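A.B. asks: Add chains B and C to chain A, keeping to what the hints say.
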Amino acid sequence: MLKVTNLQYQYKNAENIYSYELEVKPQEVVAILGQSGSGKSTLLDIVAGFVEPSAGSVILDEEELIGLPVEKRPITILFQNHNLFEHLSVQKNILLGVSKVLKDSIEEVEKVQAILKEVGLEEHEHKLASKLSGGQQQRVALARVLIRREPILLLDEPFTGLDEKTRLEMLDLVKKITLEHNLHTIMVTHEVEDCERIANKIYEMQDHSLVAR
Amino acid sequence: MMFKGLLRFKSAVLPGMLLSFTLLSFAFLLFYTLYLSQDGDIFTSIDERIYGLLKFTLYQAFLSTVLSLAVGILLAWALAHQSQFKGRGLLVALFSSSLVLPTLIVVFGLIGIFGRNGYLNQTTLFLFDTSFGSYLYGLGGILLAHTYLNASFASRALLHSFESIPKEKYKLAKSLNFSVFERFLYVEYPALKSTLLSIGSTIFLLCFTSFAVVLLLGGSPSYNTLEVAIYEAVKLDFDIGLALKLALIQLSISAVLVVFSSSFRVGLSNLKTSHTLIPWRETKTLQIVQWLIIGVFTLFFVLPLVVIVLDGIRADFTRILVEPLFVKSFMTSIMLATVSSILTVIIAVLLSNSRRNFSLSTRLEDHPFSKVLNAIIAFSGNLYLAIPSLVLGLGFFLMSQKYDGSPLLWSTLALLTANVLMSLPFALSVLAPAMQKTAQRYDKLAFSLGLTKRQRWFYVEYPYLKSALAYVFALAFCFSLGDLGIIALFGSDEFTTLPWYLYQLMGSYRTTDAAGVALVLLVLVLTVFILLPRLFRSERVKSN
Amino acid sequence: MIKTIHLLLLSLLLSITANASDTKPTLTIYTYDAFSASWGPAPKIKTAFKKEHNCTLKFVGVSSSIGALRKIQLEGKKTKADILLGLDTSIAQVAKKTGLFVPHELNTSSLDLPVPYEDDTFTAFDYSYFAFVYDENRVKNVPDSFEALASMPKDFKIVIQDPRSSTPGLGLLLWVKSVYGDKAGEYWKRLSPYILTITKGWSEAYGLFLKGEADMVLSYTTSPAYHIVDENKTNIKSVAFTDGHYGQIEVAAIVKSSNQKALAKQFLAFMHTQTFADIIPTANWAYPVVKGAKLHPAFDTLHRPKSMLLMDGSTVEAQRKAVVDEWLRAIAK
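Chains as they are written, first to last, in my numbering: chain A, 1 to 213; chain B, 214 to 757; chain C, 758 to 1090.
Bear in mind the hints are in silico, worked out from the structure with no lab data behind them. Since we're looking at a predicted model, the values are computed, not measured. Glycine included, each C-beta is placed from N, C-alpha and C at the ideal position. One or more of the hints may lead you astray.
So, partial list: chain C residues that the calculated Cβ filter (under 8 Å) puts toward chain B [what the hints assert, rightly or not]: (1) 820; (2) 832; (3) 919; (4) 922; (5) 953; (6) 958; (7) 969; (8) 970; (9) 1048; (10) 1050; (11) 1052; (12) 1054; (13) 1058.
Each pair of labels, with its calculated beta carbon distance range [said to hold, decoys possible]: (14) 895/C to 544/B: 37 to 43 Å; (15) 395/B to 164/A: 49 to 55 Å; (16) 149/A to 559/B: 34 to 40 Å.
Pulled out of the complex, with its shape left as it was, chain A reads as follows:
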């Protein structure tokens, strides 16, 4: 269980304090709605470790995440863009999610092939990331989620800009992965339909605070 308790953040030079409180169970997708600039992405930044909160805690199964450096956090995060290294192949992009060495072992390569199947991108492992469509790129990003096997998945409006059909496919894929791999998923979006399609719980940013819908 992922618990965000009394999390507070204050932007420099701003007077408002943003506060967040929520819970995510395994296999749950929690959606966060709000306008641009309402502070919803900041929550993800805090959970991911890019930014330090002024108060509060983020606890996953008894372990406090605040204070851990970014690379030690048990999360995988998907951004709206720049999720992939465009000049590298699909395989390399995925492997960079886990490997710490420059050379890839055979087991790892096989793992990648298996995972690509799961996200519906078989046979694409040697393609250059820049040559993929928007939807395919996000599939690769999701493949990386799988290979990392981190319990928390954060999504920062990753499917904006994709066409309707692809977006729905991607959302369903996220739901599928969350269920099959027991992930705690937090998705930030401004599309109500996205929330209603796959979210178990929906929160909203109102007056700088996170409230349940």
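C.D. replies: This is chains B and C only, laid out in the frame that chain A set:
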């Protein structure tokens, strides 16, 4: 909280910061050595002669800057409005190569054309039976050479400014029926202002500390700048006291100028030009004017180089190339250039790596001292603009007298230091933005994936930095290869570089030999500068 | 124990003798570039000297005569120079004051000099007279005095040398001084517009003249001989000034820090031999100092002033700085 942040990024920040402090301490040590070695009466006896030197140094720097900017604006304006013609890209690239042309070569070529017995006078004599006489030595020659070197570099930067003006503004001007002047005043000049200021201050600094040009074309002690006066005080008069006085004055003023101008000084970068500007053509008269400007300047720029080729081809290469002094000069030059380029690249990368830590929100931007540290590192990279070659040379010379060591060792040390410092400002202005960009783009992703340093460098940085690195290497290499500055103090038959050798040849009456060596130097520099970046093409960074 | 010492001594002896037989002593002479160049006197002198002395003779050329002195000063104790050759009597006092040179202990009373010169440290090896040189194919109207020079049309250009680095440069300064005395500064002000450029050394100036950049160059009455003998050209001439001609006696001295003082002394003595005197005229284009030396017939066509204007070395040294400063002020724009 303060140190935690630093610790996290220690491997990125520390090397750069250490280097930065090393550079700064070196500068301080230099100043200190110079200060200690003089008698202490420096402030009381700034006599009329020194005052005259200072006045002239400032005066020629000011005039050179004004001229270079004026020519640069005209040329950039003409090029901006003639955006589609065959060979434009090549021409623009050629103009930016003026930065690496050895000053010695430029002067040699200019003498060949504008000298009393140069091609220009010979032509006018032949056609019109008049000669312009001799105007090259003295202030005229200095201004000419400075303009040659700086106007092209200025026009390159200004062209970029012109091309960043949104098309809409031009459409608006046209619909309001602006004249050419109004258009320039209201649409174009505002876009140029900041670049003018930054380029202008850089050019001023370069001309203020100019050495080779004044040495070769000054013509008499009355046209000396502080740098040349320092050189003469050491080599001609052996008056170290005077040299010190001049060096300290020079150093103080340059330092003040650098700090004062740092807020609006920016370097150059490997910019690509865009080709679309205004969708309609200029009036016929304007077109003719613009073509004339481009044509005249191209001629002005290319002819001296052509002269070097023409005169040089006739040289007896079978003899020149096996001359032992030539071979020694050649080998020394190549070795020094290689080592100093490698050092420059490494130092520039480390410094840039440190700097970007202080300007990115994903890293240490919010750190209490980040702005200060950023500025300090930036300043340490730009030291050269504050410490001109001869002052540096004097410092090394004094140190070599104090601490024993073979003269060869000191000479090599002096030259390597000078060459690295000289290339660093430009290297940083190319690498810092590039490294900033890659970090901005991929920091979050790389951190969240927990990439190791090696992975990060190999997969994220290097592919995008390749061509910038090659460009910096080529730049540093050419700067080193063509420099006639600090070698003037340390050059001898035992320690000689190509420019030094060429300078000796120019001073003897074996001028065909000089032309041959000049050609070798020119070919070498152009080859490295053009070829090297081409061999290392980076990944193109897609725009959002 | 005894055995070891024996071995050590033996090896020491061997190494010493080995060194002695392997390397010839090297005599290094710092001089101006025209002297050390392959087309100058250096090669011939090397050959002649090595015939009688087993050694390696090395000439190190510097772009100006006084520059060679400065080089020795810059190098300090570590200098490799054994001999400094190419200063003239006007600047020799400055060199002497540096304390970097030792007496030559030679008898120089039988030398053939235009003006008496005796010095315990510096000794003469050739001399010539300063003059302005021109190309009669390019210039028809040449001035024959300093006054005439300062009255030429404004586009007439001369190239001269810097008196701080070049002995001809200093020579011109002293020449003007001896003609104009206190009014020398005024004269320089009038001459200033005609000066194309001021070079560091003689070679650079002469090169500019040959390239056609100037109408006249400050050089020697003997310069035309080079063009006659080596190039078969008679169009280069020197102007005879009605003011008389200042001259230059070139000298050499032994460097104090030298390890080859004995050999150096032998070289200085060699400079006073017939062999040396035969090389000088057509290699350094100057008059030798040995009585009865023969000159190339081309020298007969040269202008030979009846007397040489030459101030005594100490007199020069006493006023040198002042004269140079006066000059610097006068030519300042």
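A.B. asks: If a hint holds in the structure, say so; if it doesn't, say that too.
C.D. replies: Structure-based check of all given hints:
1. With a least beta-carbon distance of about 5 Å to chain B, the hint placing residue 820/C at the interface is held under the 8 Å criterion.
2. For residue 832/C, the suggested interface contact is upheld, since its CB lies about 7 Å from the closest CB of chain B, less than 8 Å.
3. With a cut of 8 Å, the hint placing residue 919/C at the interface with chain B holds, because the nearest CB-to-CB distance is about 7 Å.
4. For residue 922/C, the suggested interface contact is upheld, since its CB lies about 4 Å from the closest CB of chain B, less than 8 Å.
5. The interface hint given for residue 953/C holds, since its Cβ lies 6 Å from the closest Cβ of chain B, which is under the 8 Å cut-off.
6. Below 8 Å, beta-carbon pairs count as interface contacts, and residue 958/C has one with chain B at about 6 Å; its hint therefore holds.
7. Given hint, residue 969/C at the interface with chain B, holds; its Cβ is 4 Å from that chain's nearest Cβ, closer than 8 Å.
8. Hint status for residue 970/C relative to chain B: holds, with the closest Cβ pair at about 5 Å, below 8 Å.
9. With 8 Å as the threshold, the beta carbon of residue 1048/C stays out of range of chain B, its nearest partner Cβ sitting at about 33 Å, so the hint is violated.
10. Because the beta carbon of residue 1050/C sits about 27 Å from the nearest beta carbon in chain B, more than 8 Å, this interface hint is broken.
11. Hint status for residue 1052/C relative to chain B: violated, with the closest Cβ pair at about 24 Å, above 8 Å.
12. With a least beta-carbon distance of about 25 Å to chain B, the hint placing residue 1054/C at the interface is violated under the 8 Å criterion.
13. The beta carbon of residue 1058/C comes no nearer than 22 Å to any beta carbon in chain B, farther than 8 Å, and the hint placing it at the interface is violated.
14. Look at residue 895/C against residue 544/B: about 41 Å separates their beta carbons, and that is inside 37 to 43 Å.
15. In this structure the supplied range 49 to 55 Å holds for residue 395/B paired with residue 164/A, their Cβ-Cβ distance being about 50 Å.
16. In this structure the hint that residue 149/A and residue 559/B lie 34 to 40 Å apart at CB holds, the actual value being about 39 Å.
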